[in-house]
Structures are given as structure tokens and as C-alpha cells.
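> As given, the protein sequences belong to chains A and B, one line each in that order. So for the first sequence, full-length UniProt numbering puts the first residue at 1; every next one is plus one. So for the second sequence, full-length UniProt numbering puts the first residue at 1; every next one is plus one.
These are calculated hints, taken from the structure and not from any lab test. Be careful, since some hints might not be right.
To be verified - Restricting the straight-line Cα-Cα distance to at most 30 Å, the calculated cross-link-like pairs of lysine-lysine (DSBU-like) are:
(1) B:Lys79 x B:Lys430
(2) B:Lys425 x A:Lys122
(3) B:Lys395 x A:Lys165
(4) A:Lys136 x B:Lys425
(5) B:Lys396 x A:Lys108
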Amino acid sequence: MLTIKDLHASVEDKEILKGINLEVKPGEVHAIMGPNGSGKSTLSSVIAGKEEYEMTDGLIALEGEDISELAPEERAHKGIFLSFQYPVEIPGVSVTNFMKTAINESRKAKGLEEMPANEMLKLIREKSELLEIDRKFLSRSLNEGFSGGEKKRNEIFQMAMLEPKLAILDETDSGLDIDALRIVANGVNKLRSKDNAVIVITHYQRLLDYIVPDFVHVLYNGKIVKSGGKELAYELEEKGYDWVKAQN
Amino acid sequence: MDLKEKLLSSFMAFEERVDNVDSDLHNMRTESIKNFENKGFPTKKEEAWKYTSLNSVLKNDFSVFPKSDSALHYADVKKYFLHDIDTYKLVFIDGVFSSYLSSTTHDGVDVCLMSSALTKPKYKEIIDTYFNKIANTEESLTSLNTAFAVEGAFINIPNNKVADKPIEIMYLSTGNEAALMVQPRNLVIVGRNAQVQIIERHQSLNSNPVLTNSVTEIYAHERAMADYYKIQNDVPTANLIDNTYIKQEKDSIASVHTFSFGGNITRNNLNFSQNGEHIESILKGITIITDKQHVDHYTQVRHIEPNCTSHQNYKGIYNEKSTGVFNGKIYVEKEAQKTDAFQQNNNILLSDKATINAKPQLEIFADDVKCSHGCTIGQLDESAMFYMQSRGIPKKEAKALLMYAFSDEVIDSIKIPQLKHRITKLIASKLGVNIGFNL
């Protein structure tokens, strides 16, 4: 599904990613762990197409198609979704209208008609129940005044609405209490299928108790320095990132 | 001959033409033309006109007496009206009333012509009481308008009456003249407990230069409610100087919404005077302009008595080489304790060459008041753009959605649903997108 080869990326001429290789197949969950400043968030932003990050070398392909020249919205239309570590507050745009616009723009890009209003409402109802989201919440301005937990739940709600092929969850566990974490993780698990894939970017092993990865990769200094199964996450938790740093 | 000379030398001929024996009006006009003769057109040397120059406009050879044989078909101008609801209509073509396109009434409320109000004996008392009583007689352009005031809207809503539908005042310019100057004069009287909603629009139908120097006086008596909406979406050769004066009595609510989306030079002089307690004044505006367009909002709110509020909220989005001015003055007189005056002006510059000059001014002589003003100038939030794009919303639409959201506070307070819908569509077209913004 996702192929990343020898990916180099810089921001303001400072190289952050120094040759990443990653292969994610449909149905898989990959966890990317690493200490602060290792390049985790840069990797997610580069995959999603953030313009401030310059890809200087390598390849990012989705289902065999090179997407590295595409705009963020085009990548979204092809099925990439990024759950933000810090979701942006957009006063004046309600959650519902934002989702309507996002879904209809995506349909437009695929040559489809706009989704009929009743179908849209049904979808919104169904997906908000999945994330245990109060209906009143949906008419509020996007992320404005939301608690940390509400913001993250709203991110996964958007993921549920957009049904991406590849979802990247960037530090989705940060700022969540245990109940919110469970709701968010349950939501993600219910959305998993043999046809889609998830990349979980996290600092701690905690989230991986709920969203169990098939593979764990350790990112350090812009490179993947270690890969393994889910037990690698426990090993990291136990030994700390100094263990990785010492080896590199 | 420059425009000032032309106007001065036309004045005598004009007075003969208007066929008006009322000596009060004659004296008023004579005083007014003298004041204009002394002061002339304002220049950038005057503090109030520091950021707006009329020089380029005044170079045109405007004809000051329009021909009166212009006729239009409703089908050709329908799009400028709120055609999906029933309204009273006062339509003027090149400054001349069009009875064919208008829909007036004298049934309970008067929605008719200034020219008949100025000449018919039954309106004499009203004219004596209200005409040119709150317009600033010292102000040069207002004086110029008064000197030539002959036509416009006359709206009189008696005590305890509610105008049963909105009133549209439409000034159309056909371009029959190579360049035309028009000076509409509107008078709106809203009696005790009375209510009215008015929409005013100036529209040129081709690209011949137009200069409109308009004066509107609005009186809102006790507990009256007056909502006034100005749609300024004219062609790039049209210039508008709008002078609006509003006097409110106790417990009244008056609002003016100004939507400035077009034209060449647009100047909005908006003056509120509060003459009683518990008055609410609302001044809101959205400006979305591009190219070399120029919009100048000059607001003045005078708090005279205690326990009143004024609420100003102006949003501006400036692209290309456009320039905006927001100059907002709030006076709180010594007696006006417990005044709650709020002024906000937010601007987005979409290009490096766009300019905004923002100047809030507060003069407070009372000691127990709540006055605040805030002004922001910024660009679109890049992180919000990326967030929206990552959800599949293309850049242009994301931009439009952000700008729409930015204006939403003002749109939200439009009380006529069809007008709100119309403004929303106008904004979408100004932003070059086709998305439903029902946020």
C-alpha cells in the first residue's frame, strides 16, 4: 500500500529525514516510535504533503503510484489521512460543515456527485456514535475550545467519515486520559480492515496496548534504526530510548 | 472647467429647474452651495480624508444633470434585486425615479419619492422637522448634496407601524452619459415602536464613470427598530461617497451593515448620534476587494446619554493592490455613564501590495464606561490551510472557507434570510469558489 524508499526531507535547509525505508501492506498496523526530535512528526507531515517540508530525495508511493509531487488535498483524495498531533482551531467553521465540504470536495475530485444531504446526515450520525460524540458537538466551531480529548476524538471521527486507505495517527495518545484513549483506540480498531492500513506514531507504548501493531519501527536521528514485532515496543518501554541512542 | 466650477455654475440653472417656491428649501440650498464653494472637495490634507484621494475621480467630465429618458426592462436588472421575496422598491435610473420598476406605497406607511415629499404640502411639516436636520451642514460633500437634493427615497413609518416587507432602494446608472454624477438624497423616519428593514444598492450597468454623492438621514424614535443594509458591489469605474446620519431616541435599535465588494473608490461616512438612554447602535461591515479598489469606512458614534451600547464589527479582505481604510471614532460625552462601546476591525491581506490603514479613536469624557477596540491585520493561517487540505479540501476552497468563516460574525447578524443567502453567494463569487457556506 505505502512504499517509502530512501526518503530525505528538510525544513529550512536542515535535513530532518535522512533516508527512510518503509513498506506498509494492506491490513497492517505499523508503529513508529522514537525520542523527541527524531523526525516522527516530520515523517507524517511529509507523507501528507505539507509544503514547508522539502523532499530532497527518495520516493513515496501509494499503491504503486508516486505521490511525492501531489498537493495535500490530492493525497487526501487518494486515501491518505493524517490525524494531527495538534489539531488546528478554525473558528466559524462547524465540524459538520467542514466534513460536508471535505467529503464533497473529495467526491468532486473523483467525478462523483455531491453526497445527498440525508445520506450525509446518516453517515455523520453513524460515525459520531462510533466515537461517542455528542450531536451538539458537531455544530461547534472546529476544534475551537475543544479539550485535548475532544480534539483527538474529533480527528478519529473525521477519519471514520473519510474512510482513508492509509491513516497516520500522529501522537494521537498525547493529552488523552485513559477513558478517551480507550474510545479513540476502539474507534480506530473498528475502522480497521484487510484493505486499509494504519501508521501509529507515538512516543510511548501505552497506545499500542489498545491498537496492537504488526510491526514496530524505531526512528532515531532521521533514520529507522530498528524494526521488529510488537515486543520491540515493550523492550523500548523497559530500556528507554537511551538504549537506542547508545547503539547508534 | 473643473467639476467644482461646473457644479457652482450649474446651481442657478438647477434651482430654476426644480420649480420650487419653498423659500426655506431655497435658503437651505443657497447656504449649502456657499459652504461647498468655500470648502470644495475634500483633499488628503484634511485629517478625515488622509487616506482617500478623490483627485483621479474628479478629473472626469461628469454631467451633473442626467437625461431623463432612460428606460430599462425589469428582466435586465432583476438580478440586482432580492427577487425571491416581495419587497417595496424605489428605483432610480440615472438619478431619475422609475415608476415602472418601482413598487411604492402610502398604505399605512409611506414608501415614496423625495421629490414629492419636498414639493407636496402634506409633507411640509415632516420635511421642516426632519430634512437636513442631522446631516452635518459643515461638511462639504453633504452640503453639495443638500444644494442639489431633489430626488431619492422618502420612507416614513408612523408610530406603532411595522413595514410589512423590506424596502429596496436601487440606484441604477445606464451609462447614457459619458460620465455621470448623481446626488441621491434619502430620508427615513421610523416612528415610536415602528420597524423597518431597508436595502440600498448602487449599480452601474456599464463602465462609464459614475460618481455618486449620497446623503441619507435616518431617524429612529423611541423603541424603533431600523435595519439598513448597503450592498456595494459596483463596477470598477463607479465611485461612491455615502454620507449616512442616524439619530436615535431612547430604547431604539438601529443597525447598518455595509457590504463593500466592488467599485473604484468607495467612502462610507457613517454617523450615529444617541439621544436617549438604553439605545443600541450596530455598525457592521464586510469588505472584500481586489485590483486597485479602495474602500474607506469612516464611522462616528456619539454617546450622549447613559446606559447605551454601540457595537462595531468590520471585517476586511484585501487582495492585489487594493487599499482599505477603517477610521472609527467613538465619543462618550460626560453624561454618558455606563456606556458600553465596542469596536472591532479585523483585516486579512492576501497580497504583499494590498494596504489597510486602521485608525480607532476614542474620546471619553465619562468615567464609568466600558469601551474597547481591537484591530488585527494578518494573513491567512497556513497551519489551518494545511489542516483543511489534508482533509481533501483544495487550497482555493480552503482559503474561501477560512475567509468566509472570518466574515461569519457579520453575515450571521443579517436578519433577512434571503439577503443573507444573497450575500453568501456574493462572497463565494468574490472568492471565486462555488461551495455552499451554510456553516
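> Would you mind marking each hint as holding or not holding in the structure?
Now for the hints, and whether the structure bears them out:
{"no.": "1", "hint": "B:Lys79 x B:Lys430", "verdict": "16 Å, holds"}
{"no.": "2", "hint": "B:Lys425 x A:Lys122", "verdict": "27 Å, holds"}
{"no.": "3", "hint": "B:Lys395 x A:Lys165", "verdict": "22 Å, holds"}
{"no.": "4", "hint": "A:Lys136 x B:Lys425", "verdict": "27 Å, holds"}
{"no.": "5", "hint": "B:Lys396 x A:Lys108", "verdict": "14 Å, holds"}
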